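*Asks:* Assemble the complex: chain A is given as a structure, and chain B must be docked to it using the hints.
Residue numbers (the working numbering), protein chains in the order written: chain A, 1 to 458; chain B, 1 to 458.
Worth flagging that the hints you see were computed from the coordinates, not collected in a lab.
A portion of the hints provided could be inaccurate.
As the list claims (entries may be wrong) - Partial pick of chain A residues on the chain B-facing surface, computed with a CB cut under 7 Å:
hint, residue
1, Pro104
2, Leu170
3, Ala372
4, Gly376
5, Leu418
6, Asp422
Computed from a predicted structure; not experimentally measured.
No residue lacks a Cβ here, since even glycine has one placed at the ideal position from N, Cα and C.
Number of protein chains: 2
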Amino acid sequence: MDVRKILLTEDEMPRQWYNILADIKMNPPLGPDGKPISPDALAPVFPMNLIEQEVSSERWITIPDEVLNVLSIWRPSPMVRARSLEKALGTPARIYFKNEALSPPGSHKPNTAVPQAYYNKVFGIKKLTTETGAGQWGSALAFACSQFGLECKVFMVRISFDQKPYRKSLMAAWGGNCVASPSRETKAGRDVLEQFPNSPGSLGIAISEAIEEAVGDTSGQTRYSLGSVLNHVMLHQTIIGLEAQKQMKKIGEYPDIVIGCAGGGSNFAGLAFPFVLDKINGKKVEIYPVEPTACPTLTRAPFAYDHGDSAGYTPLLPMYSLGHTFVPAPIHAGGLRYHGMAPTVSQLATEGIIEPKAVTQLAAYQAGVLMARTEGIIPAPETNHALACVVDEARKAKEEGKEKVILFNFSGHGLIDLVAYDKYFSGELKDYVLSQEEEDKFEACLKNYPKPQLLKSR
Amino acid sequence: MDVRKILLTEDEMPRQWYNILADIKMNPPLGPDGKPISPDALAPVFPMNLIEQEVSSERWITIPDEVLNVLSIWRPSPMVRARSLEKALGTPARIYFKNEALSPPGSHKPNTAVPQAYYNKVFGIKKLTTETGAGQWGSALAFACSQFGLECKVFMVRISFDQKPYRKSLMAAWGGNCVASPSRETKAGRDVLEQFPNSPGSLGIAISEAIEEAVGDTSGQTRYSLGSVLNHVMLHQTIIGLEAQKQMKKIGEYPDIVIGCAGGGSNFAGLAFPFVLDKINGKKVEIYPVEPTACPTLTRAPFAYDHGDSAGYTPLLPMYSLGHTFVPAPIHAGGLRYHGMAPTVSQLATEGIIEPKAVTQLAAYQAGVLMARTEGIIPAPETNHALACVVDEARKAKEEGKEKVILFNFSGHGLIDLVAYDKYFSGELKDYVLSQEEEDKFEACLKNYPKPQLLKSR
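The following block holds chain A by itself, in its conformation from the complex (with noise of 0.2 Å):
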């Protein structure tokens, strides 16, 4: 019997985690002056100790004792041989992947979520607030906020919170709790429900709100925590891509290819950074950021600064943007269908030493079904999308007659998320891609602020 997945001891977790800002040249955030933001500027959001590694030039940056032993609940999380997928694909390619849907709330999101709660906690905060769109954010804080003793307030997209009543329940298994917003409890909010009683919602909306009841607790001990795109995010994200290579170096192997699907970026920067240090360190590996023809941020999207958020209350962040007013789709992948990409993984996108790629969503639920049917484990409708991308390159292998070696990460499980497999076998899914209309509209929305360098890491 051959061995199906290559497990690392709870000993064998990495100690750091790995920090690309010492390895990249990256254009500053800026302020509503259109000049770069102090530190200091962000303190009543978050607290000092992850301002410090949001900013930080440290390569290695040690993981709190504490971080690991809650991480450990899950990590280290298997790297799989997918032998069936491998199989019914015909392929001489050998696919591998990380499994972060182990995690509790059952995608990597808690990688981060947990040393945010810590690193709140130890500067002395008692309560989080955040927004969430379907919710895997919502329940990753709720879990490691109970994990630490702090409160968490999630303000969750209204629709979403109507058409998923049970992530409510999922957060409040972990005592998080959870409102629909727009909700009477900001100001942001209120506002919002005179002119528009029966909104939706919206990200950027519940971001306002999360931010007003974070800032605004005069005690000081509330501050508010984002799930991806910052860089103390991929930075926590990083774990996931060295454990990787500890499960490599095990069995002898390295990856020819390394994928994830990216929104905000998270889960593929935790994945692909270490190789990315490798690669930079001349290593050869190819680097394939996935993402929805929906949503083509990386493929699309010019390098320009623009807003974080939709209600534009963010400083301007040197990234691929497709316009902060960008309404996309309404995909099923709730966690791609952002304007904007990490800054860090934009950087390494502007100089060629990732090579984004973009699928449909059709094209996406058909690798997720294989996967379901041959590895056995159903993936989260994010995940599809790199999966396409991997069904996409072993195909690739085979037409070549090549023995690649292809390393993807499955970020999450579909349990909570059946409604789109539902569609999808009842043909209600439908493929999306941006038009040329939509793309002069982005254009227009960031013709205003200033542009960003093409700086040049090497």
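*Replies:* This is chain B only, laid out in the frame that chain A set:
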């Protein structure tokens, strides 16, 4: 940092199942004529290789490599030290659990679905039929069938089918075909619909439909599959306890108390039977199956001959039974709403080798929420019943000041049963305790059947 998970490698997976029929005396199943049935009588329903396992008295039965290969998708399962739970309870007890929630469908059910699909495949069968209540068993069988290229048809009780539409999608993702029962596809279903066009269905009706579809296939290539109660199902589940014994040995521990929730008995038996063997061989260990007070088969019902299904199609089995016409109160742990109990588990209870306990629904959810907020994983409603007993025993250990070692089975996660947590938090969940009036009814239901002998195995 203390190690949390005691892991085994795939190489350390048990190579044999433990068959308790080698070590206990059993009353035989009886046919409609009151005489012991011959194994051949089951041939239209089950493949002969599984019937041989059902009646075998070999103590150790080899697990085929093909089965181990599929089990290795999630096995060996971790044994976890629940330090946070211990701390929250302030107990000197050391609490360990086997995490069976990591299988693709999220419960222990695939431990038997996989070998059942395999043996049917080997026997030349092309299609399996089964019934499912809440959907856990149907999903597990759909998953297993997809691994061996078998067709899978699941008759799901109508009321659950309507309340839990995504269970159908889950089965569909694995290629399974799930229909609401009563259906128009079988005579049994049509007969019910003629009389009661709006019938909510029942497990009894669904079993009848599944058996009819299996035996009615004139090509002889369809069989029926059952997820609990039968001897070969208990056999397949013993991999849980055999792994746990290896894991206990690795850390130099041995349990004082072994706990599992019990509906039909399979997850309890899976963990407990290998420890029952130790007990028979003189080891000191207490073993508790835990059932709901709403369906107190082992704690309130007589040891009797009764049918396994409510329609009375199955042979008469020697077991504790609330009577096959018993309809349990609507508790949310669907997997524990069964009128009978596996004959092997029943036999051990008559002999006092295991000591049944019953807990209320509210105590179960209270323990489940404590588990979620300490160990971080959200238990299935069924698993909560085991947890209520664990909490009781940990508190007793505290009162007695004893360092007891408690081992329990975390049989499944609650991510697709969150509605019950919702009701628990909103105060809608009720406790149910069987009334004397109800107890009188099951005596009446059983009075015309033969009585099993009170056998002593030792």
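*Asks:* Hint by hint, note whether the structure agrees.
*Replies:* Now the hints, each set against the structure:
With a cut of 7 Å, the hint placing A/Pro104 at the interface with chain B holds, because the nearest CB-to-CB distance is about 5 Å. The restraint placing A/Leu170 at the interface with chain B holds, with a minimum CB-CB distance near 6 Å, inside the 7 Å limit. With 7 Å as the threshold, the beta carbon of A/Ala372 comes within range of chain B, its nearest partner Cβ sitting at about 5 Å, so the hint holds. For A/Gly376, the shortest C-beta to C-beta distance to chain B is roughly 5 Å, which falls under 7 Å, so the interface hint holds.
At a threshold of 7 Å, the smallest CB-CB gap from A/Leu418 to chain B is about 4 Å, leaving the interface hint in force. Look at A/Asp422: its Cβ gets to within about 4 Å of chain B, closer than 7 Å, so that hint holds up.
The structure is consistent with each of the numbered hints, conforming to all of them.
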